[in-house]
Amino acid sequence: MLRSEAKRTRNYKYNPIYNLLVGMWEQRVSRVGFFILMAVVGFSVIGLVYTPYNPYATNFPRDLPPSSSHWLGTTDYGQDVFSQLISGGFPVLGVGLGTGLIGTILSIIIGVLAGLYEGTVVDKLLNGISQLFLVIPGILVVEIIGTYLGAEQIKLGYLAVLLALSSTGWAWGARVLRSQVLTMRRREFVMSSELIGESKLSTVFRQIIPNNLPLVASNFFFTSIYGIAGFTFIYYFGLGSVNQVNWGTMLYWSLGGEAYLRGLWWWYIPPGLLIGLVAFSFALINMGIDRVANPRLRVWNVKKVRRALQGEMR
Amino acid sequence: MSPQYVIKRAIYYIIIWFFGITLDFVLPRLIPGNAIDTVIYGRIGASGYYNPQVQAEIRTTIEQLGLKQYNLPIYVQYFDYLKQLVHLNFGASLLEFPVPVGKIISEAAPWTFGIVIPAVVATFFIGNLLGRYAALGRGKPRDYVVIGASMFLYTFPVFVTGEVLIEFLAVNIHIFPIGGQYNTQAFFRPTLSLPFIWSLIYHAILPVTTIILFSLAGWVMGMRNNMIPILQEDFMNYYRAMGVPERQVASRAYRVALLPNFTSFAIAMGYSVLGAVAIEYLFNYAGLGFFFNQAVQALDYPLLNGIFFLLVTAIVLSNFVAEIVYGIIDPRTSHEETEGI
Numbered sequence: 180m181l182r183s184e185a186k187r188t189r190n191y192k193y194n195p196i197y198n199l200l201v202g203m204w205e206q207r208v209s210r211v212g213f214f215i216l217m218a219v220v221g222f223s224v225i226g227l228v229y230t231p232y233n234p235y236a237t238n239f240p241r242d243l244p245p246s247s248s249h250w251l252g253t254t255d256y257g258q259d260v261f262s263q264l265i266s267g268g269f270p271v272l273g274v275g276l277g278t279g280l281i282g283t284i285l286s287i288i289i290g291v292l293a294g295l296y297e298g299t300v301v302d303k304l305l306n307g308i309s310q311l312f313l314v315i316p317g318i319l320v321v322e323i324i325g326t327y328l329g330a331e332q333i334k335l336g337y338l339a340v341l342l343a344l345s346s347t348g349w350a351w352g353a354r355v356l357r358s359q360v361l362t363m364r365r366r367e368f369v370m371s372s373e374l375i376g377e378s379k380l381s382t383v384f385r386q387i388i389p390n391n392l393p394l395v396a397s398n399f400f401f402t403s404i405y406g407i408a409g410f411t412f413i414y415y416f417g418l419g420s421v422n423q424v425n426w427g428t429m430l431y432w433s434l435g436g437e438a439y440l441r442g443l444w445w446w447y448i449p450p451g452l453l454i455g456l457v458a459f460s461f462a463l464i465n466m467g468i469d470r471v472a473n474p475r476l477r478v479w480n481v482k483k484v485r486r487a488l489q490g491e492m493r
Numbered sequence: 088m089s090p091q092y093v094i095k096r097a098i099y100y101i102i103i104w105f106f107g108i109t110l111d112f113v114l115p116r117l118i119p120g121n122a123i124d125t126v127i128y129g130r131i132g133a134s135g136y137y138n139p140q141v142q143a144e145i146r147t148t149i150e151q152l153g154l155k156q157y158n159l160p161i162y163v164q165y166f167d168y169l170k171q172l173v174h175l176n177f178g179a180s181l182l183e184f185p186v187p188v189g190k191i192i193s194e195a196a197p198w199t200f201g202i203v204i205p206a207v208v209a210t211f212f213i214g215n216l217l218g219r220y221a222a223l224g225r226g227k228p229r230d231y232v233v234i235g236a237s238m239f240l241y242t243f244p245v246f247v248t249g250e251v252l253i254e255f256l257a258v259n260i261h262i263f264p265i266g267g268q269y270n271t272q273a274f275f276r277p278t279l280s281l282p283f284i285w286s287l288i289y290h291a292i293l294p295v296t297t298i299i300l301f302s303l304a305g306w307v308m309g310m311r312n313n314m315i316p317i318l319q320e321d322f323m324n325y326y327r328a329m330g331v332p333e334r335q336v337a338s339r340a341y342r343v344a345l346l347p348n349f350t351s352f353a354i355a356m357g358y359s360v361l362g363a364v365a366i367e368y369l370f371n372y373a374g375l376g377f378f379f380n381q382a383v384q385a386l387d388y389p390l391l392n393g394i395f396f397l398l399v400t401a402i403v404l405s406n407f408v409a410e411i412v413y414g415i416i417d418p419r420t421s422h423e424e425t426e427g428i
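Protein chains in written order, with the working numbering: chain P, 180 to 493; chain G, 88 to 428.
If we strip away everything but chain P, and leave its shape as in the complex, we get (with noise of 0.2 Å):
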């Protein structure tokens, strides 16, 4: 680790992204969460090219348990759960990870303004409007909005999913970013470098937001589990069109063909286990990047560090 620093420091060039990054691949946390994160896409990239039967034929014997022609068993109407699974990946993924970037930019463009006209009529109405979101339970909103999109999503797929969850899942950040700004304002190199003539906005993204870059990115996979479990909460309940295919109609289905109460454990643990594993990932690379942030909480592998150092010390 401290070999690792010695390198950088060497050629040193600040670059907060990559500096993010190594910090990120040094905590063990997010290293392992990356990977599951990859497996996961893997295998749902696997699906575009390749599934075993259609996802969508419903000409299989019903309820069959796991065996080896149907990997994970058949469904109640004769589907494929593996075939479901594994093409059903790419809406969970995409709806959670496009909620964390909309959800981000509009904080940072919510946050940021806030913060710049701070004290005045923008500030405080950006601010009551957060502090709106942030009390009312954002999920019964998209239930409602999930209602309206039942009819409309034939016209806009997942992109009317993805609308309802990002509109309501900026507020946290936004108010963490302002009260960032607030305070980098008042820090001696930011008020030099406005002193000097550097407008506001370019000391906000040359100077704030690369120096609070661990919390924008954090910001960024908060939003991404909201999406997930967001995305989720609307299939599960029936609000979107429960005719794609993908892990949340999956639950859908397996609620309506009641499989918890009859066994059929293949049918729905697996589509489960995998949105799990999804925002697991998420939430472990934001345990690293936590921890990058914050130096105190890191976790030092003392062993590493002592053979760093003696490997120094020659």
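Derived from the structure by calculation, the hints contain no laboratory data.
Note that the Cβ used here is the ideal one computed from N, Cα and C, for glycine as well.
Any given hint might turn out to be false.
[Unchecked claim] In silico DMTMM-like cross-links for lysine to aspartate or glutamate, where the CA-CA straight-line distance does not exceed 25 Å:
#, chain 1, residue 1, chain 2, residue 2
1, P, K379, P, D255
2, G, K95, P, E297
3, P, K303, P, D255
4, G, K227, P, E205
5, G, K170, G, E183
6, G, K227, P, D302
7, G, K227, G, E333
8, P, K303, G, E410
9, G, K95, P, D302
[As the list claims (entries may be wrong)] Just a sample of chain P residues kept apart from chain G, beta carbon distances all over 10 Å, derived:
#, residue
10, L216
11, F222
12, V224
13, Y232
14, G273
15, V320
16, M370
17, S378
18, L392
19, I407
20, T411
21, Y415
22, L434
23, D469
24, N473
25, R475
Given the coordinates of chain P, work out where chain G should sit on it, guided by the hints.
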């Protein structure tokens, strides 16, 4: 803490609450389809629409339901809505006409809070103790196990957790009931007797456990991340230098670290109500979430309004109370500078 501070925060929360109420009015009306159509088509079913007798029936239905208000201009509806709120009168539910919304809610709410409050209190204790356990064993296997397990349970879809519990504890080995609020067998009457109370608790165990498993992670992570820096503070080292045993040092750090977690209590309440909304349908537990789902499916505006109103009010109120209580136990927060951060 000055009274000005309390008043200022109170006004702030009232404004938020008012916006929430307005959102409550706007959102259900954005849903396509029209309440009148929904109700009428529901009533007609397969019988012919053009039958004059049916049409006459429909006309009386509209008048009975008081649905005419949905044809009025939106601002008139809004003022009517506010007028109704003052009287806490949400009209009749469309789903279970002519039962008033107030009656449905007042019957459903105790069930929801009856599983949410025990769950939140239990989670607070279990989660904080687990977080302390993880913080003290930081970097050791037990740290990873506690954090990993609670985090995974949080990210795992909460209804699937419920389904797993039902399948393995209620269906495979018959320890718990698969759903419902109490024993509904014919000879069993809901009276205030010991068997009835036992049956209430017995039926609540699985839903409460599901909510606990789902919401543990927040406390565990919060406590662990609060406590690790505190354990490294100078005053902790001072205790150690004085020869205070490590166990007592830990319990002192725990008390300090517990402070910020009180603010999370209200937020946790909100999240747990959401957890309850998600699983009540699964456990066939006739609380707010159960009716909320039915109302969304059936476009029952009055019922939606009522439930949303109750939830928003409860959450805003608990946030306000939490802020004031926290201002009392930690006076630093009520200073001007930190306000709004």
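Hint-by-hint comparison with the structure:
1. P:K379 with P:D255: violated, 61 Å
2. G:K95 with P:E297: holds, 18 Å
3. P:K303 with P:D255: violated, 54 Å
4. G:K227 with P:E205: holds, 17 Å
5. G:K170 with G:E183: holds, 23 Å
6. G:K227 with P:D302: Given pair K227 of chain G, D302 of chain P is violated - Cα atoms ~45 Å apart, limit 25 Å.
7. G:K227 with G:E333: Holds: K227 of chain G and E333 of chain G sit about 17 Å apart, inside 25 Å.
8. P:K303 with G:E410: Roughly 19 Å separates the two Cα atoms, so the pair holds.
9. G:K95 with P:D302: Holds, because 17 Å separates the two Cα atoms, which is no more than 25 Å.
10. L216: It holds; L216 of chain P is separated from chain G by about 12 Å at its closest Cβ, greater than 10 Å.
11. F222: Check passes; 17 Å lies beyond 10 Å.
12. V224: Non-interface label stands for V224 of chain P: nearest chain G Cβ at 22 Å, farther than 10 Å.
13. Y232: holds, 24 Å
14. G273: Non-interface label stands for G273 of chain P: nearest chain G Cβ at 18 Å, farther than 10 Å.
15. V320: Non-interface label fails for V320 of chain P: nearest chain G Cβ at 7 Å, not farther than 10 Å.
16. M370: holds, 18 Å
17. S378: About 25 Å separates S378 of chain P from the closest Cβ of chain G, which puts it past 10 Å; holds.
18. L392: holds, 20 Å
19. I407: Per Cβ check, I407 of chain P is inside 10 Å of chain G; nearest 8 Å; violated.
20. T411: Answer for T411 of chain P: violated, closest chain G Cβ roughly 5 Å.
21. Y415: With a cut-off of 10 Å, Y415 of chain P comes too close to chain G, as the shortest Cβ separation is near 6 Å.
22. L434: It is violated; L434 of chain P is separated from chain G by about 7 Å at its closest Cβ, not greater than 10 Å.
23. D469: violated, 7 Å
24. N473: Not fine: 8 Å to the nearest Cβ puts N473 of chain P too close to chain G.
25. R475: violated, 5 Å
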